[in-house]
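Participant: Each protein sequence line maps, in turn, to chains A and B.
The first sequence lines up with residues 1 to 365 when you count with the working numbering.
The second sequence lines up with residues 1 to 319 when you count with the working numbering.
No lab work stands behind these hints, which were simulated from the structure alone.
We put the beta carbon where it would ideally sit given N, CA and C, even for glycine.
Be careful, since some hints might not be right.
[As the list claims (entries may be wrong)] Calculated lysine-lysine pairs in the DSS-like style (CA-CA distance at most 25 Å, straight line): (1) K20/A <-> K143/B; (2) K102/B <-> K67/B; (3) K167/A <-> K224/A; (4) K115/A <-> K20/A; (5) K153/A <-> K167/A; (6) K71/A <-> K102/B; (7) K67/B <-> K71/A; (8) K65/A <-> K153/A; (9) K88/B <-> K102/B.
[Stated by the list, open to error] Cβ-Cβ distance ranges computed for the label pairs, FRET-style: (10) N262/B <-> K71/A: 32 to 40 Å; (11) L12/B <-> E116/A: 50 to 58 Å; (12) E59/A <-> P233/B: 53 to 61 Å; (13) D148/B <-> G311/A: 36 to 44 Å; (14) E207/B <-> E27/A: 54 to 62 Å; (15) E219/A <-> F228/B: 21 to 29 Å; (16) E119/A <-> L12/B: 48 to 56 Å; (17) D148/B <-> V16/A: 42 to 50 Å.
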Amino acid sequence: MAQIELRNVQKFFGAVQVIKDMNLTIEDGEFVVMLGQSGCGKTTTLRAIAGLETVTSGEILIDGKEVQNEKAADRDIAFVFQSFSLYPHMTVYENIAFPLRAVGMSNSERDKAVKEVAEILRIPNLLKRRPSALSGGDMQRVAIGRALVRRPKALLMDEPIGALDAKLREEMRAEIKRLHISRGSTSVYVTHDQIEAMSLADRIVIMHDGVLQQIGAPEEVYLKPANLFVAQFVGSPVMNVADVSVSGNGGDVSVVVGKADAGFAFPQSTLGNAKAGHELSLGIRPEAVLLSHDKSDGAIEVKSTNIEPLGSHDIVDVQIGSEVLRARTESGFVSGEGQTVWVNLDPTQAHFFDRASGLSLRGHE
Amino acid sequence: MAAVRTPREIFLNRVAIAAVMVVLLIMLVPIYWIGSTAFKPRNLATTIPPTVFFQPEVSPFVKLMTKRSQLRKPVEQEVYDAAPWWEKMVLDGGEKVVRTGKGKIRPSGYGQRFTNSLIVSIISTFLAVSMGTLTAYGFSRFKVKGEDDWLFFILSTRMLPPVVVAIPMYLMYRVVGLNDSHLGLIILYTAFNLSFSVWIMKGFIDEIPREYEEAALVDGYTRIQAFFKIVLPEAMTGIAATAVFCFITAWNEYAFALIMTNRRAQTAPPYIPSQVGSGLPDWTVIAAGTFLFLLPVAIFTFLLRNHLLRGMSFGAIRK
Numbered sequence: 001m002a003q004i005e006l007r008n009v010q011k012f013f014g015a016v017q018v019i020k021d022m023n024l025t026i027e028d029g030e031f032v033v034m035l036g037q038s039g040c041g042k043t044t045t046l047r048a049i050a051g052l053e054t055v056t057s058g059e060i061l062i063d064g065k066e067v068q069n070e071k072a073a074d075r076d077i078a079f080v081f082q083s084f085s086l087y088p089h090m091t092v093y094e095n096i097a098f099p100l101r102a103v104g105m106s107n108s109e110r111d112k113a114v115k116e117v118a119e120i121l122r123i124p125n126l127l128k129r130r131p132s133a134l135s136g137g138d139m140q141r142v143a144i145g146r147a148l149v150r151r152p153k154a155l156l157m158d159e160p161i162g163a164l165d166a167k168l169r170e171e172m173r174a175e176i177k178r179l180h181i182s183r184g185s186t187s188v189y190v191t192h193d194q195i196e197a198m199s200l201a202d203r204i205v206i207m208h209d210g211v212l213q214q215i216g217a218p219e220e221v222y223l224k225p226a227n228l229f230v231a232q233f234v235g236s237p238v239m240n241v242a243d244v245s246v247s248g249n250g251g252d253v254s255v256v257v258g259k260a261d262a263g264f265a266f267p268q269s270t271l272g273n274a275k276a277g278h279e280l281s282l283g284i285r286p287e288a289v290l291l292s293h294d295k296s297d298g299a300i301e302v303k304s305t306n307i308e309p310l311g312s313h314d315i316v317d318v319q320i321g322s323e324v325l326r327a328r329t330e331s332g333f334v335s336g337e338g339q340t341v342w343v344n345l346d347p348t349q350a351h352f353f354d355r356a357s358g359l360s361l362r363g364h365e
Numbered sequence: 001m002a003a004v005r006t007p008r009e010i011f012l013n014r015v016a017i018a019a020v021m022v023v024l025l026i027m028l029v030p031i032y033w034i035g036s037t038a039f040k041p042r043n044l045a046t047t048i049p050p051t052v053f054f055q056p057e058v059s060p061f062v063k064l065m066t067k068r069s070q071l072r073k074p075v076e077q078e079v080y081d082a083a084p085w086w087e088k089m090v091l092d093g094g095e096k097v098v099r100t101g102k103g104k105i106r107p108s109g110y111g112q113r114f115t116n117s118l119i120v121s122i123i124s125t126f127l128a129v130s131m132g133t134l135t136a137y138g139f140s141r142f143k144v145k146g147e148d149d150w151l152f153f154i155l156s157t158r159m160l161p162p163v164v165v166a167i168p169m170y171l172m173y174r175v176v177g178l179n180d181s182h183l184g185l186i187i188l189y190t191a192f193n194l195s196f197s198v199w200i201m202k203g204f205i206d207e208i209p210r211e212y213e214e215a216a217l218v219d220g221y222t223r224i225q226a227f228f229k230i231v232l233p234e235a236m237t238g239i240a241a242t243a244v245f246c247f248i249t250a251w252n253e254y255a256f257a258l259i260m261t262n263r264r265a266q267t268a269p270p271y272i273p274s275q276v277g278s279g280l281p282d283w284t285v286i287a288a289g290t291f292l293f294l295l296p297v298a299i300f301t302f303l304l305r306n307h308l309l310r311g312m313s314f315g316a317i318r319k
């Protein structure tokens with residue numbers, strides 16, 4: 001097991017920069033998920049760690065040793081591909097044994113190691129099959145088995161369950177988590193699915209356009225997004241983002257959403273140093289948009305414009321000035337479109353972002 | 001797979017099978033013709049209408065393998081009786097087997113020509129396919145400066161009809177002493193097949209996902225090990241198809257063999273027709289030579305048939 005460190009890593013493909021000045025330390029035994037849209041550089045970063053991609057500049061350290069110029073074979077790192085990449089001309093057994101052949105392990109030891117891994121992954125009955133005769137989930141189990149069998153320093157996974165159907169994905173997610181807990185291997189996992197990231201990660205690394213946006217525990221990136229991109233990328237349904245203007249001084253300020261007639265009262269502390277008249281964006285998750293049928297203090301009267309019933313809860317759109325906010329309510333709370341309801345915002349769950357830079361006003365604690 | 005078929009579909013299927021059988025029969029007629037002529041007595045080879053039913057005999061093969069001369073008069077009875085069974089066939093045909101002063105039988109050139117064909121074709125096929133596969137792998141996996149131009153250049157070597165360069169090649173070969181040598185023909189056929197092999201193999205290797213090799217690379221193998229352990233087995237279908245095509249081209253090549261070789265390194269194709277003009281044209285001998293000549297390609301193709309079934313579609317049905 002090992003610690004992995006990236007220092008000022010840059011990567012260009014021709015004139016396109018796909019990794020911009022990346023600094024990241026992954027601790028021994030940690031499960032780190034790199035999250036981002038396709039093309040954000042997360043896979044390239046992972047491949048650079050594995051040695052499948054060279055970096056243009058910067059250092060990659062594994063256990064304190066610079067490896068950026070070493071071959072993939074010498075880094076002792078395992079990689080699980082989205083396409084599974086099982087060797088089609090070999091049986092499952094041979095696939096799992098393949099990495100052990102490279103290190104010249106004796107036959108009996110190799111056999112023991114393969115059977116042990118097969119046992120852990122619950123695939124001992126599949127060892128004689130060819131990959132083409134396996135289901136998607138089993139293929140991925142074999143791919144993970146092949147990665148784990150030689151006890152690598154770290155396990156890198158590139159969207160390992162992205163090609164599976166929804167139910168299987170959930171199953172494999174649990175399995176990967178179980179494996180990580182039982183083996184404690186340093187793992188780096190790439191995905192664009194924030195639910196996978198939230199459920200698996202010790203820490204999430206969010207990337208956008210080759211730039212690292214935020215690193216933090218799942219709750220941290222969810223509750224304290226560092227900027228607008230993270231705010232909107234993490235969480236489902238997506239966080240509401242609305243243009244607001246701030247007025248008033250002293251204790252409470254009035255936050256006007258979408259040039260509406262009235263504003264919401266917020267304590268100045270939530271706004272950091274933003275002054276009155278400052279143009280900001282408000283980010284607020286649907287669960288912090290509170291709807292009520294009765295008039296209450298500070299609430300604004302609005303009309304519902306759309307309702308999405310989702311079974312356990314409803315998502316209700318309400319029009320405030322020129323903006324639409326989505327609220328999460330218990331199911332059936334608002335019976336139809338065009339109903340009048342009273343909306344209030346929970347100040348403790350509100351995030352303010354500088355509209356120009358996109359950065360959170362809370363700053364980084 | 002087990003979809004229920006309507007009577008109409010079954011009927012159309014049978015029609016298709018019947019049509020294929022007819023085409024197959026037509027295609028097989030020349031093969032049958034050569035095969036049957038190779039086992040006919042000489043006097044039946046040129047009858048009109050053709051003889052279909054006859055007592056097969058191996059005399060054409062005996063004649064093919066031996067040097068013979070015309071008998072002026074029938075041999076004496078004791079000589080005939082003392083002759084082994086196969087020599088009687090030659091004597092029956094009005095010829096005798098030529099022997100050296102010490103009584104050893106002098107073989108015809110066919111055996112040696114056939115061996116030459118095997119040597120030249122197998123080695124040149126091996127070289128063309130192995131070099132072609134490596135080159136294709138390079139083009140497929142790495143950024144090569146001017147890749148398209150190189151590939152076009154490689155392809156362009158096939159655009160000139162080979163006969164056009166035969167004379168200059170002959171002059172050059174004579175200067176460097178490669179004429180009438182196995183090496184000369186091997187180089188020529190390898191060069192000729194290489195462009196084909198590069199292009200076909202590139203198509204196949206392009207279809208092998210890079211992830212297979214990358215998986216091998218992180219699993220602790222070097223690139224060359226990954227090539228041999230992963231890419232080659234995966235490309236086997238393509239290699240088999242390419243090898244068959246290269247082998248057939250080299251095996252059947254006539255023009256260069258005729259010009260570049262005359263004795264030592266001559267291959268079978270220019271030799272077989274040369275027998276038409278020596279003495280009486282004996283078509284059974286020609287047919288026997290051709291029949292044997294057909295066998296290696298047929299055997300080679302048959303051995304690789306499983307690969308070829310997938311390979312002939314040039315990777316189109318790979319999933």
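Participant: All the hints need checking, so say for each whether the structure fits it.
Facilitator: Tested hints:
1. K20/A <-> K143/B: Answer holds: K20/A to K143/B is near 24 Å, not above 25 Å.
2. K102/B <-> K67/B: holds (15 Å)
3. K167/A <-> K224/A: Given pair K167/A, K224/A is violated - Cα atoms ~30 Å apart, limit 25 Å.
4. K115/A <-> K20/A: violated (43 Å)
5. K153/A <-> K167/A: With a Cα-Cα distance of about 31 Å, the restraint between K153/A and K167/A is violated, given a limit of 25 Å.
6. K71/A <-> K102/B: violated (70 Å)
7. K67/B <-> K71/A: violated (64 Å)
8. K65/A <-> K153/A: At roughly 13 Å apart (the allowed maximum being 25 Å), K153/A and K65/A satisfy the hint.
9. K88/B <-> K102/B: holds (20 Å)
10. N262/B <-> K71/A: 32 to 40 Å: Distance hint for N262/B, K71/A is violated at roughly 53 Å.
11. L12/B <-> E116/A: 50 to 58 Å: holds (56 Å)
12. E59/A <-> P233/B: 53 to 61 Å: Since E59/A and P233/B have Cβ atoms about 37 Å apart, the given range 53 to 61 Å is violated.
13. D148/B <-> G311/A: 36 to 44 Å: violated (56 Å)
14. E207/B <-> E27/A: 54 to 62 Å: violated (41 Å)
15. E219/A <-> F228/B: 21 to 29 Å: Because 49 Å falls outside the window, the suggested range is violated.
16. E119/A <-> L12/B: 48 to 56 Å: holds (53 Å)
17. D148/B <-> V16/A: 42 to 50 Å: Taking Cβ atoms as reference, D148/B and V16/A lie about 22 Å apart, which means the hint is violated.
Hints 3, 4, 5, 6, 7, 10, 12, 13, 14, 15, 17, counting from the list given before, are not met by this structure.
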